[in-house]
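Turn these sequences into a full structure, and let the hints guide you.
Note that the protein sequences, when read in sequence, are chains A and B. Just so you know, the first sequence maps onto residues 1 to 432 in this note's numbering. Just so you know, the second sequence maps onto residues 1 to 326 in this note's numbering.
Warning: the hint list may mix true and false statements.
[Claimed, not checked] The calculated lysine to any residue pairs, modelled on SDA-like cross-linking and capped at a C-alpha distance of 25 angstroms, are: (1) B:LYS103 <-> A:VAL325; (2) B:LYS103 <-> A:GLY398; (3) B:LYS103 <-> A:ARG278; (4) B:LYS90 <-> A:HIS321; (5) A:LYS5 <-> A:SER110; (6) B:LYS103 <-> A:GLY36; (7) B:LYS90 <-> A:VAL325; (8) B:LYS17 <-> A:ARG278; (9) B:LYS103 <-> A:HIS321; (10) B:LYS98 <-> A:ARG278; (11) B:LYS103 <-> A:GLY197; (12) B:LYS103 <-> A:VAL320; (13) B:LYS17 <-> A:VAL325; (14) A:LYS350 <-> A:LYS45; (15) B:LYS103 <-> A:SER120; (16) A:LYS45 <-> A:GLU432; (17) B:LYS103 <-> A:SER110; (18) B:LYS103 <-> A:PRO401; (19) B:LYS98 <-> A:VAL320; (20) B:LYS98 <-> A:ASP79; (21) B:LYS98 <-> A:SER414; (22) B:LYS17 <-> A:SER414; (23) B:LYS103 <-> A:ALA212; (24) B:LYS103 <-> A:ALA319; (25) B:LYS17 <-> A:GLY413; (26) B:LYS98 <-> A:PRO331; (27) B:LYS103 <-> A:PHE332; (28) B:LYS103 <-> A:PRO331; (29) B:LYS98 <-> A:HIS321.
It is worth saying that the hints were derived from the structure and are not from the lab.
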Amino acid sequence: MLWQKDLPAANLVVRGARVLDPVEGIDARLEVRIDGGTIAEVAEKVDANEHRVVEADGLVLAPAFVDPHVHLRTPGRDDEETVASGTAAAAAGGYCAILAMPNTDPVVDSAATLGALVESARRDAAVPTGFLAAITRGQRGEELTEMGELAETGAVAFSDDGVPVASAGLMRRALQYASTTGRPLALHCEEPTLSHGGHVHEGRVAAELGFAGYPSVAESVAVERDLALAGYERGRVHVLHLSAAESVDALRRAREAGVVASGEATPHHLVLTDDAVRSLDPNVKMNPPLRAEQDRLALLEALRDGTIEAVATDHAPHAVHEKEVPFEAAPFGVTGLETAFAALYTHLVKPGLLPLETLLERMSAGPARIFGLDRPRVATGARANLVLLDLGSEWTVGEQPFRSRSRNSWLLGSTVTGAVRMTLAGGVVVHE
Amino acid sequence: MIRLVTDDLRPPGDPPKRHLLSVADLTRDDVERLLGTARTFAGSLERHVKKLPTLKGHLIVNLFYESSTRTSSSFELAAKRLSADTLTVKSTGSSVEKGESLKDTALTLGAYDPDVIVIRHPHIGAPQLVARATDAHVVNAGDGKHQHPTQALLDLYTLREELGRLDGLHVAIVGDVLHSRVARSLLQAFALVGIRATLVGPPALLPRELPAETSTDIEAIRDADVVYVLRMQNERMEAGANFVPSLREYAARWGITPERLQPGQKVMHPGPMNRGVEIDPRVADSPESLITTQVRSGLVVRMAVLYDVLTGGPVGVQALTAAEVA
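And the structure:
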């Protein structure tokens with residue numbers, strides 16, 4: 001289900017690092033030898049076997065990250081991102097696998113379009129890349145896509161991300177039919193008649209600045225609806241980019257009631273609140289919008305307790321000229337692949353709000369589990385999907401050029417802690 | 001929580017410019033200085049020759065992306081009374097109609113080295129973008145539903161001239177607060193000078209979480225010294241929006257009629273009025289109406305704003321009478 005271009009498999013030894021794999025229960029100073037892209041030995045002392053030796057004193061070696069929510073803008077907007085540039089950004093961010101959303105131009109709603117993307121990933125993807133296909137044709141919310149053929153062609157899951165499936169009846173049919181493919185539905189939950197025209201969370205900031213409000217309830221009623229349908233149809237659903245406390249609460253209740261549902265949160269919703277919108281900077285405009293502090297705290301609590309199993313960047317590149325406009329005229333979305341770990345390490349782990357082990361799990365094993373991907377792990381016999389992290393390194397976002405073709409980062413110009421020194425993805429050194 | 005630094009359009013090393021973008025940027029001292037300057041200019045306008053040489057040789061660009069009568073005419077006249085050169089660019093008939101971006105229009109006009117760009121735009125934050133893209137002093141003449149700072153200042157000026165004070169006044173703001181940049185600027189201005197505000201209107205037109213007392217009952221205007229009537233923005237009341245069932249019902253329940261006013265209550269309106277909707281014509285034309293006073297205040301307050309952003313200080317009455325009056 002994931003595709004990567006042909007690259008020489010790694011033969012190397014990492015020496016001196018603190019090896020940290022919370023799922024495997026490893027947290028020790030160990031050496032790791034990789035033969036032909038596969039982890040051959042994890043021990044206190046390993047033979048170098050004439051491999052290249054990476055001296056990693058003071059660094060952390062962990063399972064590399066999995067991003068279940070990326071916009072590669074291909075086909076249609078190659079000026080904003082391509083498979084090559086987006087996967088280079090992923091490699092620089094420590095990712096060993098990414099999943100791309102189907103809201104491209106044309107929409108990924110046919111085996112032909114999906115097949116062409118798979119070919120381009122085989123040719124250009126630096127890190128293993130998978131694709132979601134649309135739930136409805138053209139994401140118009142009217143007719144189901146041919147999910148059977150799309151699944152056979154490689155669709156990891158189905159999503160109309162960017163546009164909600166407005167009709168409850170159609171959502172029910174999607175749940176029924178998707179169950180025959182074994183693939184989950186990844187849901188953009190938004191009640192369009194409530195979010196209508198809104199740019200900013202409906203709260204004090206929107207009221208004071210005069211922005212049309214996009215209330216929390218616009219998300220939570222859709223989350224409640226879709227979880228109720230998933231429960232009724234025994235479907236598998238994943239709620240994309242959760243933003244509101246009420247939605248988190250709905251997900252927690254549904255999971256306790258036995259609904260097969262998962263959720264993700266983005267770094268920007270975990271770090272920022274709608275207060276950031278006072279800057280009027282179009283790089284803090286996204287859908288769903290940044291919400292209130294109580295929402296941010298609810299997301300953080302759910303990330304800690306596992307109600308939210310995955311961190312997803314919702315990496316959404318936009319051309320510079322499209323964001324150099326007044327806030328209301330700017331498109332929704334921010335980039336995130338190259339900054340996700342540093343953002344969350346700086347703003348959640350360093351201040352003691354989230355254990356490093358939890359962050360590593362939610363950025364790697366969590367999303368892999370939701371989408372049925374191999375879990376990146378530090379274990380003999382596993383493919384080398386590893387990231388080498390420097391937790392002491394400070395850097396300024398945007399000082400070095402981005403690998404992404406776009407630079408609409410909400411962190412532009414700010415200093416963060418935590419750098420990716422090396423990424424191994426699919427047994428290949430893709431970044432160092 | 002995070003300081004967002006994206007001001008990369010701005011050339012490095014420039015000293016900060018004086019702009020008037022939002023009432024939120026002003027202090028009480030700024031307001032007092034501006035109102036004092038406006039009063040000085042009001043005195044000068046009573047002279048036979050009304051033109052002052054104060055801003056001779058300065059270029060003031062009026063960039064209007066929305067229709068306007070009061071604001072655009074008073075900015076233009078204010079600049080002319082101060083002997084500045086003026087250039088008015090409207091979105092209709094300009095390259096804006098060909099799809100030119102605000103940034104490019106700003107860069108184009110900026111190439112003429114204007115001293116001040118006065119901008120009205122339908123989008124929140126457009127003046128901030130022009131301030132980043134050019135070297136001009138920028139004055140916000142209304143940006144979307146966000147701010148209209150010169151309106152708030154001219155309203156303070158009007159209140160002080162007519163009621164003799166600001167501190168301790170009670171003003172009821174009635175109507176479509178949701179879509180009103182005037183209301184947002186007024187609330188901040190009132191907080192600066194100690195005026196109590198009450199917002200009154202139908203629930204869907206009163207945004208939650210604004211820092212003011214609110215009521216959906218028109219009776220709440222009873223104790224106010226001044227009733228400030230907002231325009232019902234017909235263009236936003238499209239069928240199906242259902243902010244109110246109809247303008248007729250709005251007028252019946254929230255329209256300001258002589259019967260709803262207490263003796264001595266003054267009435268203000270930022271214009272343009274919908275007579276018979278938010279305001280009864282008998283009220284608009286009554287002696288209690290300060291509406292034409294507001295327009296007159298607009299001229300001197302905008303003279304004061306242009307003068308202030310360019311010189312950065314209070315205008316000395318002495319200096320004006322001795323040296324500057326032609």
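ask   = Which hints from the list above does the structure break, by number from lowest to highest?
value = 6, 10, 14, 15, 17, 21
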